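Asker: Chain residues, written in single-letter form:
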Amino acid sequence: MMALSFDLALAALLIVSALAAVAGRGLFRAVIFFIVYGVLVALAWARLGAVDVALAEAAIGAGLTGVLLLAAHGRLRREGLEADPGAGGQGFAAIGGAGVALALGWAWFALPEPATATRAALDSALPDAGVGNPVTAVLLNFRSFDTLLESIVLLAALVALWMLARDGAWRQRLGLPQHARPGGVLASFGRVLPPLGLLFGAFLVWSGADDNGGAFQGGTVLAASLLLAMMAGLYLPPRIGERLWQSALVLGPVVFIACGLVGALVWGGFLVLPPAYAKGVILAIETGLTISIAATLALLVIGPPEQAHNSGGAA
Amino acid sequence: MARAIPKKPRRPLSAACGNSAGMAWGDIASIGFTAVGLVFFVAGTVGLIRFPDVFSRLHALTKADNLGLGFLALGLAFQAPGWTEIAMLAMVWALALVAAGTAAQMVARAALAEGEEDERP
Amino acid sequence: MNEWLHFVGIVLLISLAGALWRVWRGPSAADRMMAAQLIGTSGVGLMLVVAALGNWAVLLAALTLAVLAGLSVVGFVKARSSDGAGDPEEAAPPPLGSLRE
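Protein chains in written order, with my numbering: chain P, 1 to 315; chain R, 316 to 436; chain Y, 437 to 537.
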């Protein structure tokens, strides 16, 4: 009875915060409600026992996406563009959103019932997967092609973001020139947290093999640590042309594709992992993937190269 | 999540604290500390809702952040199955403490710098 | 014990709902961000309770949420600063006596 009340209260708050995010006027309020919604969804995943998803939601949904939206709102505010869209824009958004929801609902009910044999099939295949965590096994072994495409999509998103830069700014450092009062609260925070975040992120990746965690979760925590160091002015964001950063960005997809090609040439198919080598190959892929995800997400949030670095002109 | 190798079940620390009238001291400690933590959380929210301006609200919510979470973590530590979990609880609280302290300072300065301009609702 | 923990969770959710009201009302951006910070801390507290209910692996998610909540507030003050990349401590504080009561 208590457990049911708890779950009902959580579900009610989820719906309320989702509605509040789209209702009413005020862009900043909507952004904050979106962050709140992310926190509640992470809690819901934790309650359902899906700890890997809760980790990802807390890190990406509530964390990095929130920072991204706050930065976007700040930029709009500085340029005087934060007015709510008129009735036409809001009507269009409402119809589009309702349409997507209806399509998803139709797709949900149109799908056949999931076969109850899948869990048994997973459990019987798990010992050959090379890792103990079923989520990691599915992501990096049984359905690794999807993960490969995801890592490439992330890279493509970053390149698309860079294309928003002005021509004159292309060779500047990424993002706005970050600065903080030396010895102040922000600078101290930027010194204390990133080493701990680095340790925790690396731990999450390692833990993802047999317990909960994984490359995406660990990579996001690493990206957050790097972002904090950059935002505190303690680490300069790179330029687009820096070779070390370019290597870090492509390392994940390259290692992934290389392992896939080895599978194609030696083991009978692209991305096939024989049980004897699975653990080692997955470890290699996860390492590369974590570095790439950390670099990509950090650079995604810090933004495209801005001209303000050198000329001091308008942001 | 089912693991490939099942974990050995571990006793909660509360059971190790000894028995008194059928209820472990650890459980009593849990209930006591978490109740105190709840009081601070509720006080923080009530302050956030009722106080008249930005800075007093900030005062209220940092009480919830620090003391509420601290007592909650302390109470739940008595339910933990081992030292690893207790260490993680302590880390969560320490991290929240550092983050909340920094956040309070920065939000207060930002509010001061903006002169508390009212936003469009 | 589980009953008590669920009750603790319900009270935390109610207090979270109170913070939601402050996000709705504002009136300033700092009010909203503060309320979001409280919601983040309540979320961490709730994850601790969910962990104590049996699934202790959730402590990892609680730790992650605490780290990222700290980053969110930094993102907020950066976004509100005058050039989008500054530190609120760099601005000179207003002279004493000039604050509204």
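For the record, the hints were derived by calculation from the structure and aren't laboratory data.
Do not rely on the hints blindly, as some may be mistaken.
[Unchecked claim] Here are some chain Y residues pointing at chain P (derived, C-beta under 7 Å):
#1 Met437
#2 Glu439
#3 Val447
#4 Gly490
#5 Val494
#6 Ala515
#7 Ala521
[Stated by the list, open to error] Quick list of simulated restraints, FRET-style, between CB atoms:
#8 Trp440(Y) - Ala98(P): 50 to 58 Å
#9 Ala11(P) - Glu526(Y): 37 to 45 Å
#10 Val361(R) - Leu76(P): 44 to 52 Å
#11 Val354(R) - Arg171(P): 54 to 62 Å
#12 Gln246(P) - Glu439(Y): 50 to 58 Å
If you're wondering where the values come from, they're calculated on a predicted model, not measured in any experiment.
Yeah, the Cβ is synthetic: ideal placement off N, Cα and C, and Gly gets one too.
Asker: Are the hints correct? Go through all of them and say.
Answerer: Now the hints, each set against the structure:
no.	hint	result
1	Met437	violated, 11 Å
2	Glu439	holds, 5 Å
3	Val447	violated, 10 Å
4	Gly490	violated, 9 Å
5	Val494	holds, 5 Å
6	Ala515	holds, 3 Å
7	Ala521	holds, 4 Å
8	Trp440(Y) - Ala98(P): 50 to 58 Å	violated, 42 Å
9	Ala11(P) - Glu526(Y): 37 to 45 Å	holds, 44 Å
10	Val361(R) - Leu76(P): 44 to 52 Å	violated, 34 Å
11	Val354(R) - Arg171(P): 54 to 62 Å	holds, 57 Å
12	Gln246(P) - Glu439(Y): 50 to 58 Å	holds, 56 Å
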